[in-house]
Amino acid sequence: MATPAQGTGGLFSAGSNRAFNAQLKKVYTWYTGGFLLFIVALAILEQMGLPRAWIGYLFLLATIGLYAGIGVMSRTSDAAEYYVAGRRVPALFNGMATGADWMSAASFIGMAGTLYLLGFNGLAFVTGWTGGYCLVALLLAPYLRKFGQFTIPDFLGARYGGNIPRFIGILAAILCSFTYVVAQIYGVGLITTRLTGVQFELGIFLGLGGILVCSFLGGMRAVTWTQVAQYIILIVAYMIPVVWLSVKQTGIPLPQFVYGKQLEKVTAREAELLKDPKEIQVRDIFKERAAVAAAKLKDVQKSFDEGKAAAVAAVEKAKADNAAPEVLDAAVKTLGGFPVDVAAAKSAWTKEASLSARAAPPLRHAEPFPGKDDAARDVSRRNFLALVFCLMVGTAALPHILMRYYTTPSVQQARQSVFWSLFFIFLLYFTAPALAVLAKYDVYTHLVGSAFASLPQWVASWQKVDPSLLSIVDVNKDGIVQLAEIAIGGDIIVLATPEIAGLPYVVSGLVAAGGLAAALSTADGLLLTIANALSHDFYYKMLDPTASTTRRVTISKILLLVVALCAAAVAAQKPADILFLVSAAFSLAAAAFFPALVLGIFWKRANKWGATLGMVSGLAVTFYYMATTQPWLRGVFGVTSPIADNIWWGIQPISAGLWGVPLGIAVIVVVSLLTPAPDRETQELVEHVRYPNLAGDTVDSVAT
Amino acid sequence: MQLTQKHLEYWSKNLRITGILLFIWFVATFVIGYYSRDLTFNFLGWPFSFYMMAQGSLIIYVIIIWFYARYMNNLDLAYDVHEGEDD
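If you're matching them up, the sequences are chains A and B in order.
First residue of the first sequence: 1, per the numbering used here; consecutive thereafter.
First residue of the second sequence: 1, per the numbering used here; consecutive thereafter.
Calculated directly from the structure, the hints in this document are not laboratory data.
Here a beta-carbon is modelled for each residue, glycine too, at the ideal position from N, C-alpha and C.
Keep in mind that the hints are not guaranteed to be accurate.
[Claimed, not checked] DMTMM-like mimics (lysine to aspartate or glutamate), calculated; alpha carbons at most 20 Å apart, straight line: (1) A:K372 <-> B:D38; (2) B:K13 <-> A:E687; (3) A:K604 <-> A:D544; (4) A:K604 <-> B:D38.
[Unchecked claim] Going by beta-carbon spacing under 7 Å, a handful of chain A positions derived as facing chain B: (5) P277; (6) Q683; (7) V686; (8) H688.
I would like the entire structure built from these sequences, with the hints used as guidance.
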């Protein structure tokens with residue numbers, strides 16, 4: 001099966017698969033060693049007094065320069081090289097590349113924070129985003145590899161005959177990949193800004209350069225070898241701070257195996273904090289402030305007039321009474337702090353009313369499905385399982401992941417490659433729950449109960465960087481930090497761990513570089529998916545089947561540039577609810593692709609009309625459910641009926657795929673049975689993909 | 001072309017192992033997930049359901065995929081449907 005190398009880059013081509021594999025191992029071993037040396041060198045320079053900003057610049061320049069270098073070395077205009085890296089990527093390296101492709105900024109930075117904030121219920125993301133690979137391995141990857149074309153719509157087009165299923169595949173691939181890529185580019189902008197202090201918009205375009213120089217020149221081939229490099233950076237960056245924190249707290253450098261002890265201590269501490277009188281006092285203050293604000297909001301105009309009049313009267317009275325200067329000062333200050341107009345008053349009071357959330361007692365980290373009564377706990381459990389289901393099935397349907405299994409040399413290697421993919425993803429996901437608990441232990445035992453006069457250094461510096469990530473205010477004025485006084489944003493858990501663990505700044509730079517690698521690698525894969533869907537599936541297969549290879553690759557490169565710029569333009573608007581859009585991509589992909597792909601392989605009887613209507617109805621019901629129950633989408637589509645009327649069994653909009661997937665399967669089965677069976681040729685194609693090698697097989701689906 | 005008896009046997013063995021592994025996957029994820037509130041006994045120092053959702057199920061997934069790759073690659077050889085030389 002070995003195809004001869006046709007590329008131009010020396011490092012990433014070799015004669016036989018075995019020699020190629022050996023060469024890759026050598027290259028990446030040297031690379032990892034070089035990267036570690038680079039970190040050590042920076043650490044020494046830091047000790048010698050290199051300013052922090054310089055460390056940030058050096059990390060940014062070195063890593064993006066590296067990705068660009070790999071991109072230039074892997075440049076190609078050969079179709080098989082451009083679309084599927086020449087199908088020569090060994091299982092292990094395809095696994096690493098898939099790991100980087102898969103783990104986005106949300107996994108790298110957001111995951112541990114989500115676990116910190118949600119406790120047990122956050123674990124839906126851990127199981128959901130790993131268990132999906134079982135479906136990939138058992139139901140899809142080997143068969144897609146045997147089919148051996150370039151894209152997922154390719155499979156739909158060949159299996160279900162005709163352009164309609166292919167076209168729906170193109171639309172769905174673009175819909176879910178584009179929302180996802182916008183979020184990645186947004187993440188790139190944020191991290192670049194943090195790392196170097198440049199403006200957000202500039203950060204986006206700097207990062208975009210890093211993405212483009214790689215995927216533009218060499219397509220899948222360049223993206224693959226860059227992703228392997230990015231995986232190594234991101235996993236090193238994730239592990240160093242966690243291991244250090246674990247040594248600091250437990251004396252053992254294996255956080256994944258010892259954090260059970262810390263979880264026990266956190267649980268004991270939660271019980272104390274739940275009944276601590278000072279904590280209750282702070283929560284009561286929040287409750288009261290929220291209630292006062294809510295009362296004012298009932299009639300904003302009236303409350304505004306009365307409040308303003310009272311403040312003015314107080315100042316006049318103080319002046320008239322010749323009151324002490326501090327009384328007059330206080331009254332003037334109150335008047336000065338009063339909202340300037342009704343709109344300002346409304347937004348200030350709405351914000352104040354939302355403090356009711358902070359009046360809630362802290363959640364118990366290890367408690368599954370918390371709720372005030374059995375009914376609430378039931379809804380919580382239902383949503384947990386539904387989210388796990390959607391994330392898993394969505395994983396097994398995202399085109400940019402499935403596409404990666406076209407790149408291995410054989411079906412055998414495709415199977416092994418899924419194992420390596422999950423193994424490399426597992427390393428990070430297995431660690432995230434430990435990081436969340438270790439960080440929580442540190443906050444609950446060291447920060448809570450300490451004096452405001454002696455807050456740790458990292459608290460002060462992060463409060464200054466971004467108050468939405470961390471803010472601690474002495475609400476009850478006792479000079480001691482209560483847990484209820486800490487407002488914490490999820491992203492800080494990963495970003496601040498190096499400082500919580502007391503590591504030098506170079507590790508903070510490393511973590512930022514790891515986050516950047518995670519976001520860039522995912523963006524690369526997604527952009528390639530969108531550009532290929534447009535150039536290969538839409539232009540070449542549907543519009544101009546006679547186009548030459550060079551022309552197809554050129555068009556793909558141009559489209560890549562256009563799509564990247566569009567995504568950057570959208571990201572620069574800082575769209576609201578970006579997290580929701582990312583999660584929505586999973587539900588949409590699950591409903592659109594999973595039923596048609598799996599039934600296409602496992603059920604010969606599935607036909608064109610079944611698949612077409614199944615995909616449309618699955619997508620439609622998923623989208624309809626989101627549009628009627630998600631606040632932002634409701635605004636976009638002008639839905640006014642109450643959310644409670646539209647919600648089915650209390651399932652959150654993020655898990656809308658729970659309805660779309662079964663409906664899609666049902667429609668494919670029913671419609672296929674009502675319409676004629678697929679022709680002999682299609683049935684032979686199904687047999688062809690089921691056997692890695694079939695004696696006497698006349699079907700040849702592999703595209704070159 | 002016509003599939004031989006041997007081919008059909010290969011496919012049914014594939015379906016059987018796929019079914020068994022999916023069943024394990026389902027139990028590890030959804031059955032244990034469903035009963036999480038009841039399964040909180042101590043397991044290696046963690047509450048059992050917390051451990052399963054955070055670490056245990058992940059280990060099971062990795063083993064499922066490893067086993068499937070090994071089993072199927074051997075089955076390919078046994079039924080002579082493997083591809084040409086490869087490493």
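Verification of the supplied hints:
The suggested pairing of K372 of chain A with D38 of chain B holds, with an alpha-carbon distance near 17 Å, which does not exceed 20 Å. Between K13 of chain B and E687 of chain A the alpha-carbon distance is near 15 Å, which keeps this suggested pair within the 20 Å criterion. Among the hinted pairs, K604 of chain A with D544 of chain A is inconsistent with the structure: their alpha-carbon atoms are about 30 Å apart, more than 20 Å. For the proposed pair K604 of chain A and D38 of chain B, the alpha carbon gap of about 42 Å is over 20 Å, so the pair is violated.
The restraint placing P277 of chain A at the interface with chain B is violated, with a minimum CB-CB distance near 28 Å, outside the 7 Å limit. Violation of the interface hint for Q683 of chain A is found here, the shortest Cβ-Cβ separation to chain B being roughly 11 Å, above the 7 Å cut-off. For V686 of chain A, the interface hint is violated, since its Cβ never comes within 7 Å of a Cβ in chain B; the closest pair sits about 11 Å apart. With its C-beta approaching chain B no nearer than about 9 Å, H688 of chain A sits outside the 7 Å limit, and its interface hint is violated.
Of the numbered hints listed earlier, those contradicted by the structure are 3, 4, 5, 6, 7 and 8.
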